[in-house]
Amino acid sequence: QKEVEQNSGPLSVPEGAIASLNCTYSDRGSQSFFWYRQYSGKSPELIMFIYSNGDKEDGRFTAQLNKASQYVSLLIRDSQPSDSATYLCAVTSGYSTLTFGKGTMLLVSP
Amino acid sequence: DTGVSQDPRHKITKRGQNVTFRCDPISEHNRLYWYRQTLGQGPEFLTYFQNEAQLEKSRLLSDRFSAERPKGSFSTLEIQRTEQGDSAMYLCASTDVRDTQYFGPGTRLTVL
Chain Z
1 QKEVEQNSGP LSVPEGAIAS LNCTYSDRGS QSFFWYRQYS GKSPELIMFI YSNGDKEDGR
61 FTAQLNKASQ YVSLLIRDSQ PSDSATYLCA VTSGYSTLTF GKGTMLLVSP
Chain C
1 DTGVSQDPRH KITKRGQNVT FRCDPISEHN RLYWYRQTLG QGPEFLTYFQ NEAQLEKSRL
61 LSDRFSAERP KGSFSTLEIQ RTEQGDSAMY LCASTDVRDT QYFGPGTRLT VL
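Protein sequences, first through last, are from chains Z and C.
1 is the number of the first residue of the first sequence in this note's numbering; add one for each residue after it.
1 is the number of the first residue of the second sequence in this note's numbering; add one for each residue after it.
Among the hints, erroneous ones may be present.
[Stated by the list, open to error] Lysine to any residue pairs mimicking SDA-like chemistry, simulated, CA-CA at most 25 Å apart:
id : chain 1 : residue 1 : chain 2 : residue 2
1  : C       : LYS57     : Z       : SER93
2  : C       : LYS57     : Z       : ASP27
3  : Z       : LYS67     : C       : ARG98
4  : Z       : LYS42     : C       : GLY85
5  : Z       : LYS67     : Z       : GLY54
6  : Z       : LYS56     : Z       : ALA68
Calculated directly from the structure, the hints in this document are not laboratory data.
Just chain Z, same shape as in the assembly:
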């Protein structure tokens, strides 16, 4: 049974701070890792993907992957109130389905 674990939150940070979201996964064969943002009542929107160990930066977002520890994280710098949403971590093993965590709710206060 492939599992993806996330802290449900809410994670509360003040505007301008760094938000750190974490995710662990059980399947060592996982190859691709994704972060989706989901606003209430909306569908998931892709934020970042990462395939290799290390960091990947895209604007204010940085994804970090450590396959040995089976750990993925997402850092959001200069957090804005518009970043308030649920962040879903998802993993897949090659051409396969996505296994999602339950998501972490992020609240950014002005």
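Please arrange chain C on chain Z, whose structure you already have, making use of the hints.
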């Protein structure tokens, strides 16, 4: 708009009725996925297609659920004899060559 589209966006039905949802993927994407999401949970995989072939089905997909993708273009998901437990958001996604999944807006089903 070149994204994934789904129709209808909302569906309210009475228990026992049949419902059908449609998904139109991004045109150059040949893999299409259906997921179901309930409140407080992440999306759960239901089934997926490579072109017109249905390659994998989840145990969540009971006999009351059927999906098709004729001609490898749009896909339909039918639920027969709906139950209150079927109330959820039904999400469709299609993938690019890098196997990155892009989601449609979803169909929210409410079974009364």
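Hint by hint, here is what the structure shows:
At roughly 16 Å between alpha-carbon atoms, LYS57 of chain C and SER93 of chain Z fall within 25 Å of each other, so this suggested pair holds. Annotation: proposed proximity of LYS57 of chain C to ASP27 of chain Z holds, straight-line Cα distance about 19 Å (limit 25 Å). With a CA separation close to 20 Å, the supplied pair LYS67 of chain Z and ARG98 of chain C stays within the 25 Å bound. A distance of roughly 20 Å separates the Cα atoms of LYS42 of chain Z and GLY85 of chain C; the hinted pair therefore holds under the 25 Å criterion.
Distance hint between LYS67 of chain Z and GLY54 of chain Z is fulfilled; the C-alpha atoms sit about 9 Å from each other, no more than 25 Å. Under the criterion of a C-alpha separation no larger than 25 Å, the hint pairing LYS56 of chain Z with ALA68 of chain Z is consistent with the structure, at around 17 Å.
Every hint from the earlier list agrees with this structure, and none is contradicted.
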